[in-house]
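Could you put together the complete structure from these sequences and hints?
Which chain is which? The protein sequence lines are E and X, in order. For the first sequence, position 11 (counting from the first letter as 1) is numbered -3 according to our numbering, and the numbering increases by one without interruption. For the second sequence, position 100 (counting from the first letter as 1) is numbered 86 according to our numbering, and the numbering increases by one without interruption.
In short, the hints are calculated from the structure, not lab data. There is no bait here: all hints are sound.
For chains that are exact copies, the list does not tell them apart, and a pair is met inside one copy or across any two.
Simulated pairs of lysine to any residue, SDA-like, Cα-Cα distance not exceeding 20 Å:
#	residue 1	residue 2
1	148	4
2	376	283
3	355	283
What follows is each chain in one-letter form.
2 protein chains.
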Amino acid sequence: MVDAEIVAIGSELLTPFRQDTNSLFLTERLNAMGIEVRFKAVVGDRRADLVDAAKTALRRADLVIFMGGLGPTEDDLTRECVAEALGRRLRRDPDIIADLYKRFSKWRTGMPANNERQADVVEGAEVVPNANGSAPGQFLRVEHAGTARTVVLMPGPPHELKAMFDREVAPRLGKGRQEEFIAARELRVAMMPESLCDSRIAPIYTRYQDVETTILAGAGDISLHLRARAASLEEADRRVASLAGEIEDELEEAVYSANGEHLEQIVGYFLQLQGATLAVAESCTGGQLAKRVTSVAGSSRYFVGGAVVYSNALKTQFAGVPPELIAEHGAVSREVAASLAEGIRSRSGSTYGLGVTGIAGPAGGSEEKPVGLVYHALSDGRNTEVVERKFPGDRQRVRSWAAQQALDMLRLRLMRQ
Amino acid sequence: MVDAEIVAIGSELLTPFRQDTNSLFLTERLNAMGIEVRFKAVVGDRRADLVDAAKTALRRADLVIFMGGLGPTEDDLTRECVAEALGRRLRRDPDIIADLYKRFSKWRTGMPANNERQADVVEGAEVVPNANGSAPGQFLRVEHAGTARTVVLMPGPPHELKAMFDREVAPRLGKGRQEEFIAARELRVAMMPESLCDSRIAPIYTRYQDVETTILAGAGDISLHLRARAASLEEADRRVASLAGEIEDELEEAVYSANGEHLEQIVGYFLQLQGATLAVAESCTGGQLAKRVTSVAGSSRYFVGGAVVYSNALKTQFAGVPPELIAEHGAVSREVAASLAEGIRSRSGSTYGLGVTGIAGPAGGSEEKPVGLVYHALSDGRNTEVVERKFPGDRQRVRSWAAQQALDMLRLRLMRQ
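This is how it looks when you write it as structure tokens:
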């Protein structure tokens, strides 16, 4: 088993505003190659700190990946600090210099002398081409303190790093023999509280010692990430598929996706498959339901449109809700939700209509109708189904839960079609 | 100057799916107290790795904050590993034990023996109450390898950590004398390319050596974070205000907020101030414009509602766009945008109407009307203004740019009112 440490370099990554996200990409790729990430570190652009972080990583990990600090400015210290931590010199590479001059001449500008620093290479390192930028990477296998180490230097901008890793670094890492393979799968579960979901599946996944299960919960939306390691990819796949199957048997139709698709994608598949169309009339979700449906490319094939009806007048005008109905039951009611769904369906001529009305908060709640109370309705022209829910959390969370509930009603209806 | 290292503990933080975000909160709070974060580390639930990370941090930082690994399970090793790194013992605190038994009796369940581990305290540490959970924190000042160190252990769940830091840890840290203060401000800039913005303000902010400027760019939305350190809070505030003033003079009305408010909040302020109302008719943004406007609490006071008009039929039905106009100019045209804005305004009776129509992609583009082409219109009943833009990026980015452009047109109009 190869152990890795990822070191992200840059003072901006130590502010409250910015965060390393490259390491998530790298972890996914490294895991797929059977390499485990044991440590992550973030360090700023100070020479002493960077040397310290490099020495610490080289002491404890077989593979050390440094990201960032390869540009031309005075703050870009990764090359020299890694060399110092390894006790090696830098050499200035003439091919890189020539390449830099070529680049700058193409832009018809002189090259600032600073840029030559990008040609500094740690003694013994291989230069790794950068398809998307001027700073090349470096790849090095060394004996360090009596142990074999692999050291990689990559640029920080995500589009440079990702392309360089996949094209250049992964093949070089793969040259060692691979002892372990990792398979992964993502199941998604709608409208189930996290604690209930976990209590139902824990007895299952705890029996799979070789599959790691990570549960991430959003508003009415749970992701179950399953990852197995095995001596072959087939074996890893088989274990993940076996656990996924058992979980699907337990949770039944609450599992809406076995491959990580989002609920709006699943609903879109079903609508297209059945040649059906959708229109929505939403109050408290304020456009979020339409936004999610239309975030899917090609959604114009099944999404007719919708109305965001905050005022009572618009509920009547766009969705045909009778003013008397609102006066009698209130805008947040089972009856108005049903009328929104029916009205938007008949006015737009769509197969299905969804209506949502509720109290997202923070104000507007009462004892009888508290913040978080939402009515969701689905109409197909013959029947109208209404679901009443009381959601937890703040305004944004209530809106997210409500949009998810509306989409899930539609999914369940389409599945039974 | 006090230097800090933040160590996040938990194997889930070394997967591709989860990331430490507590450190952003802590960094903001620590910075405000004049404490600089020099290193961040992430380590899993392995004993040897955790001891290694603790020793590394204690060697190089004055203040070390450990987050996570304080629960009752076998995987929760922070207490014993920090004790080992410090060369100290753990003592089992009888008050914590008593407290745990009280908690469990309230829930009318027996306490699993495992839970007693939460009462283990590093020798010499003060127990820090946890208002939102069962695992207390720990606070310790030690001499370590001849240097004064402050060591803090906090639970990982964000709502526990945040409350504990603000109520319990910050006052304890503040007891040392504070030598530096940090002031911060966030300016926000609409619809300006990042490179143009930077080239205009770089000559200004580079003159402020004592103010750190961080530029974060979204789709048509730039955040400028300014942070100054000084010997007094007044001096730090003065320096930040001075730089902010110069930047506002340079960028003029492109700066829409001087205190970090989002564009939809600013638009909401202006609408309320002027007693005006808004309705929107959106095609390619698919609900995103309405969603942003309604994400502001209290937006029902000025947002009447909107229509998401994907199909041509709904453009006519909800916003009164004449079918001939669509036939003549196409759904994506200057004329249809204007008609959407005018139609939604007059039908909903709002003061202002916004209309958006464009091609978000990935399909649907042509040579004449490429992906990214969007028309934005603003009508006040007398005049209708139309802006044509060609946005870069993928479907989500084009939608974000377009919603931002529509909101910004309205902001500029309201400012000049």
